[in-house]
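In the order they appear, the protein sequences are chains A and B.
Sequential numbering of the first sequence, starting at 1, is according to the numbering used here.
Sequential numbering of the second sequence, starting at 1, is according to the numbering used here.
What the hints contain is simulated information worked out from the structure, not anything from laboratory work.
Glycine is no exception: its CB is placed at the ideal position from the N, C-alpha and C atoms.
Just to be clear, a hint being listed does not mean it is correct.
Reference listing, derived: stretches of chain A covered by chain B, where coverage requires no fewer than 3 residues with Cβ under 8 Å from a Cβ of chain B [claimed, not checked]: (1) 72 to 83; (2) 122 to 133; (3) 181 to 190.
Just the calculated beta-carbon pair ranges, DEER-fashion [as the list claims (entries may be wrong)]: (4) A/Ser80 - B/Ile277: 57 to 67 Å; (5) B/Gln327 - A/Arg96: 52 to 62 Å; (6) A/Val190 - B/Arg17: 30 to 40 Å; (7) B/Ile321 - A/Ala186: 44 to 54 Å; (8) B/Arg17 - A/Ser46: 28 to 38 Å; (9) B/Ile226 - A/Asp225: 57 to 67 Å; (10) A/Asp33 - B/Ile321: 30 to 40 Å; (11) A/Gln130 - B/Ile253: 57 to 67 Å; (12) A/Asp156 - B/Ile324: 54 to 64 Å; (13) A/His215 - B/Ile321: 50 to 60 Å; (14) B/Asp333 - A/Gln130: 55 to 65 Å; (15) A/Met191 - B/Ile324: 55 to 65 Å; (16) B/Ile22 - A/Glu139: 32 to 42 Å.
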Amino acid sequence: MRRAAILGPRKAAELKYTARMVRTEALSKSFYDPKKGEVRAVVDVSIEAHPGRIFGLLGVNGAGKTTLLRMLSTVLRPTSGRAEVAGVDVVADPGRVRASIGFLSTSTALYGRLSAREVLEYFGGLYGLQGEALRQRMELAIETLRLNEFLDRLCDKLSTGQKQRVSIARTILHDPPVLFFDEPTAGLDVMNSQTIMEFIEGARQNGKTVIFSTHIMSEAERLCDDVTVIHEGTLRGRGSVEELKSQAGETSLEKAFLKLADYTPGGVSA
Amino acid sequence: MKLIQHVFSKELREMFRDKRVITGAFLGPVILIIFLLTLFGFLDKAVKEPSIGKIGVVQGGEKSPLIQALSLGLKAEVDVVPTLQEGRQRLRQSQVKILFHVVPRKIEGAAQEGQEMTAYFDRNEQVALIAAQAAQAAVQKQNSVMVQQSLQGAGLSPDLSEPVMFRIENESASRGLGASTIVSLLPYLIIIWAFYGGFSIVSDLVAGEKERGTLETLLISPIRRIEIVWGKFIALSIVCLLSSLSSLVGVLIVGILPIGLAKTLFPDGIQMGIGPILAITATLVPLVAFFSGLLLAISAFAKNMRECQTYLTLVSFLVLIPAIFSQFIGFTDLGKATWVQFAPILNSSVVIRDALLNKLNGQALLICMAVNILLALVMLRIVVRMFHREEILVRT
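Just chain B, with the same shape it has in the complex (with noise of 0.2 Å):
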C-alpha cells in the first residue's frame, strides 16, 4: 500500500507539472464549455428574439395593425414596395429578408373587412422562417380576436370562438441546472472528458516509459507489478475525475459571466441539489475508473508514444458514439430500457442526465455502477497481466 502511495504521488506530480495536463485536461474542458454555452445562448437568445433587420411590405400594406404589431414585435424596419413584382426582386437581392402582401377581403356578415396576407421568403433563410412563424401567430391571435368580436356583434359567447381550449402545464420536478435547456448536452460533456481528461498523459505513463527507458529502472526496483500499475492507475483516474468536474466548472463560471446569458440559458438558476450531486458523483468515480484501466491497458500494449496516440484515436470513437447518441436520449424513451442500463457509457449518460432531472431511476444507479465497476475490474487485470507478459513491456 505504501508504495501504491509512493508512485501515485509521483505520477500525480509529474502530471501536474505537464502543460499538456494543465491545458488538456483541466483548461480544455473549462474554456470549450465556456464557448460551446456562450454560442448556445446567443443562438438560444437570437431564435427568440430574431434580428429580422427589413421586413418588405408591398405599397398600401403598411398601415396594417398587423404589420405594425410585427414590426414592433420583431425589432425590424418597415421597407415599402411600390409593387410585387419589385418587392419580390428585392427579395432575391437580400436587400428584404421577407415580404408581406396584403389586399383587403371582403367577408360576408362580418362586422368588419377582412385582410389577406401573404408572405414571401426564402425558406432556407432561418431568420425569415421565423418571422413567418411569427406573423402565423399574429394572425391566429389577430383571428381569434376578430371572431370574438363578431360572436359579441352577434350576442353571442366569444367562447365559441375556441371551442377547444389547450393549455401547457410545466410538471419538471427539476430545478436549477435540470431546468436549463443544455441538460441534454452535459451528460455527454461530463463523459467525454472523463475520458479525454487521461489522453493527454495516458501515452506518457507506460508507452513513454517503455520508449525512454525509465520503465525499465522501475522494474528493476522491489516494487512489485501491481504496485506499479496501481499507483498509475489511481493518479490517471484523478485526473480524468478533475478532467470531468472542469466542464461543471465551466458551466459554474457561463453562470456568473456577467455577459447576459445567465438568463437565458439558466432561467432557474444553476444550483444543484444535493442528490443528484451524489448521484452523479457515484456514476462518475466507477466510470472514470473504467476509462483509466481502458486508456493505461492501451499505453501497456503500445510500444511507444506513436503507437500508443494511433491506438488511443482509434478507441476514442467507441467511447464518443454512444456519447454523441446520450445527447439524443431524451428524444426517445430509450432511456427507460433494460439494455440501456447494461449498456457502457449510454448508461451513465441517461443516469446522469436523470439525475439532472430529479428523476433518478435508483436501479438504473445500481446496475450503471456494477457495470463500470466490473469494467473497471476487468480492464485492471488486463494491465496487471500485461505487466507480467515480458514481450509487451520489454519491447520497444
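Next comes chain A alone, as it looks inside the complex (with noise of 0.2 Å):
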C-alpha cells in the first residue's frame, strides 16, 4: 500500500493505454574513436513505451542499451532521428525530460560524504522541491523504503542493499512519470535484486512508463511487457516475451535471443 503511495497517483495510468510517453523514431548515435574511427552504436531505433507497461530492452554488453538510455535521458545528443519523452522532444527541450523521468543503474553512484536524509534533499532540491512538498515526498519514500535505521548515517558506511533503496528513494522522490533502469540488478546479490525487480513491478501497478535495460533472461521474462532485442546498435526483434519467442521459432527466451542477434555456436558472433 505504502508502495503504490510513493510511486504516485495512478495519473498516469489515466492517460489512455496507447498514449506514448516515450517515443524514438530512427533515433542513431554515432561516435568517433581515435583508433576504430567512427563507431555507430546506436542505429534508426525506432520504439514506444506506454504508461503502466514495461519496456525491455534486451541486449549483450556492448550492444547499444546505455547510450539509448542516456539519448533518451539527455545525456547524449542523438546523431540522428528524434526521441521524445512525456511528449517533450529530448533535443528542443532537455530540461523539461530531465523533470519528468527518473534513472537508476547500479554504476550510479551515491555521494560518500552525505548523509542519505542530506543525498535526498538534495536531489529533491534540484527537482525543484522545497519546504513541505520536500518533507512530506521524504517522509513517504523514507516510510516506504525502509530508510529510517540509517537515515542519517553516511553513505560511505551504508551496505550495498541499503544503497540501493537510497538510490531507488533518490530516483522517485520527485515522482516521475517515466523510469529508466539501467542494468539495474547488475552485481547485486539476490535479495537486493529482488528488491529492486518488486520495486519495478510496483511502479507498472501505479502507471509508470517503465524503460528497463538487461541481459538478464529471466528478468525480463519476469517483468517485461514488451521487450525489444538490440544488437550491435540495431533492433533485431520486438514484441512480448511470447511473440518474440515465435518470432525466432524458439521455445525459451534466451534461445530467441541468441537466434535474434545471429550468435554463432563457438562464442562468435555474427
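Build the complex from these two chains, which are given one at a time in their own frames, with help from the hints.
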C-alpha cells in the first residue's frame, strides 16, 4: 500500500493505454573513436513505451542499450532521428524531459560524504522540491523504503542493499512519470535484486512508464510486457516475450535472443 | 541562482567532511609555515649569535685583548695550543672550528706595539666563516681605536682616522609584518596555497564524479550545466581562499608562540594595516578564481581521478615556477617592469609583496586584478564548454 503511495497517483495510468510516453524515430548515435574511426552505437532505432507497462531492452554488453537510454535522458545528443519523452522532444527541451524522468542503474553511486537524508534533500532540491512538498515526499520515501534506521548515516557507511534503497528513493522522489532502469541488478545479490524487481513491478502497477535494460533473460521474462532485442546498435526483434519466442521459432527467450542476435555456437557472434 | 547555491552548499559540506581537505588545505599550510618560520628563526638566530664551541689560539696569543673580546662575543671557549702545527692538526680533526695565531708586530712611530693576527679555518664551515668575519670586524674596530689614540698623541684630530664616514638609515615605510625578513617568503606561500588548497579535493569534483557515476545522476536532473559549474566553482574557490589565508594564520601562531622566535622574526610585531589587508584580499580573490577555474577545467577534462592527478602534477609546475621566481624578485628591479604586471602569478606575488612593504602601486594592483579576472573568466568558459561536450563528460 505504501509502495503504491510513493510511486505516485495513477495519473499516468489514466492516460490512454496507447499514450506514448517514450517514443523514438530512427534514432541514431555515432561516436568518433581515434582507433576505430566512426562507431555507430545506435542505428535507426524506433521504439514506443507506454504508461503502466514495462518496456524491456534486451541486449549483451555493448549492444547500445546504455547509449539509447542516455539519449532518452538527454545526457547524449542524438546524431540523427527524433526522441520524445513525456511528449517533449529531448533535443528541443532537455530540461523538461529531465524533470519528468527518474534514472537508476547500479553504476550510479551516491555521495559518500553525505548522509542518506542529505542525498534526498539534495536531489529533491535539484528537482524543485522544497519546504512542505519536499518534507512530504521525503517522509513517504523514507517510510516506504524503510530508510529510517540509517537515514543519518553517511552513504559511505551503508551496505550495498541500503545504498540501493537510497538510490531508489532518489529516483522516485520527484514522482516522475517515466522511469529508466539501466541494468539495475548488475552486481547485486539475490535479495537486493529482488527488492529492485519488486519496486519495478510496483512502478508498473502505478502507471509509470518503465524502460528496463537488461541482459538477464529471467528478469526480462518476469518483468517485461514489451521486449526489444538490440544488438550492435540495431533492433533485431520486438514484441511480447511470447511473440519474440514465436518470431525466432524457439521455446525459450534465451534461445530466441541468441537467434535474433545472430549468435553462432563457438562463442563467435556474427 | 537558487540551484547554484544548492550545489554550492552540498559541495562545501562534502569538502569540509573530507579529511584530505582539512589536513591538506587547512592544517597543511598552518603546520608548514610554523615549521618553516621556526626553522627560519633558528637559522637567523644562529647567524646573528653563532655558537662556535671552541676557538683555537696558538700559545702566547690567548692574552691578546682581541682574543678575549672575541671569545666573549662568540661565547666560545679558548683552546690554547702549543704550536701552530698542533693547532692546524686540531683544526683538521674538527676539535676547533677556527684557529688564531697572534704575533707581535712593531710599527714604527706607533704609540704601542701592533699585532699580526691570522685566522685559519675551513671555508666550507659556515660557523667558522662567521667567526672569521666577526674577528675581522673586531680587528678593524680595534685598529680604528689605536689610530685615534696615535693621532691624539700626536696632537691631531681623532676624526682623521675616518675621513669618510658611512651611515645606514632605514627609510622603510613598512611596519609590523612588512618589516619582517619573511616578507620575501610570504607572498610565495600565500600564492602556493591558493593553488594547492584546491589540489586535494578538485579531482573528486568532476573526475571523481565521473568515475563513481554520480555525475550522470546530476546531469539527468533538471539543473542547467552552467549552474553545476558555478556551484562547484564557488565552493572550490572558498576552499582555495581559506587555504591561502591559512598561511597567515600560521604566521600569527608563530608570532604568539612562547618559543622566543617572535622577536627574531618580527622585531616590529606582526600587526598589519587595513590598506595592505585590503590590497592582498583584492589580489587574492581574482587569483583564487583563476586557480579554481584552472583546477576545475583539469578535473572536467580528465577521465578519472588518477588521470586528473597526473594532469594536476604537470600543471602545478606552471604555478610553482613563477611563484618560486617571485621570492627573488626583491633582489632585482623587475617588480616595476610592465611585463611583470601582466605576467600571471608573478604579478600577484609582486603586488602582495608591495602591499606588505606598504609600497602599493595602484596601477600594478589594477592590472593584476584585471589579468586574474580575465583568466578566471576564460577558465570558467572552458569548463562550461566542457560540461556541454558529451565526449568529455561521459567518457570514463
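Okay, the hints, checked on the actual structure:
1. Coverage of the region 72 to 83 of chain A by chain B holds. Counting CB-CB distances below 8 Å, 5 residues qualify, and the rule asks for three or more.
2. Figure legend: the region 122 to 133 of chain A, annotated as covered by chain B; annotation consistent (6 residues with Cβ-Cβ distances under 8 Å, at least 3 required).
3. Only residues whose beta carbon comes within less than 8 Å of a beta carbon in chain B count, and the region 181 to 190 of chain A has 0; fewer than three means the coverage is violated.
4. Remark: the range hint 57 to 67 Å for serine 80 of chain A to isoleucine 277 of chain B is upheld by a beta-carbon distance near 59 Å.
5. Checked against the hint of 52 to 62 Å, the pair glutamine 327 of chain B and arginine 96 of chain A passes, with Cβ atoms roughly 55 Å apart.
6. The hint said 30 to 40 Å for the Cβ distance between valine 190 of chain A and arginine 17 of chain B, and at roughly 34 Å that hint holds.
7. In this structure, isoleucine 321 of chain B and alanine 186 of chain A meet the distance hint of 44 to 54 Å, their C-beta atoms being roughly 47 Å apart.
8. Taking 28 to 38 Å as the suggested C-beta distance range, the pair arginine 17 of chain B and serine 46 of chain A does not conform, at roughly 47 Å.
9. Here the CB-CB span from isoleucine 226 of chain B to aspartate 225 of chain A is close to 39 Å, at odds with the stated 57 to 67 Å.
10. At about 36 Å, the CB distance of aspartate 33 of chain A to isoleucine 321 of chain B agrees with the hint of 30 to 40 Å.
11. Against the hinted window of 57 to 67 Å, the Cβ-Cβ separation of glutamine 130 of chain A and isoleucine 253 of chain B comes to about 42 Å, which falls outside the hint.
12. Taken as a hint, the range 54 to 64 Å is violated for the pair aspartate 156 of chain A and isoleucine 324 of chain B, whose Cβ atoms sit roughly 38 Å apart.
13. The hinted range of 50 to 60 Å is satisfied by histidine 215 of chain A and isoleucine 321 of chain B, whose Cβ atoms lie roughly 52 Å apart.
14. The given range of 55 to 65 Å is respected by aspartate 333 of chain B and glutamine 130 of chain A, whose C-beta atoms sit roughly 59 Å from each other.
15. For the hinted restraint 55 to 65 Å between methionine 191 of chain A and isoleucine 324 of chain B, the CB-CB distance of approximately 58 Å keeps it satisfied.
16. At roughly 34 Å, the beta carbons of isoleucine 22 of chain B and glutamate 139 of chain A sit within the given window of 32 to 42 Å.
Of the numbered hints given earlier, the model fails hints 3, 8, 9, 11 and 12; all others are met.
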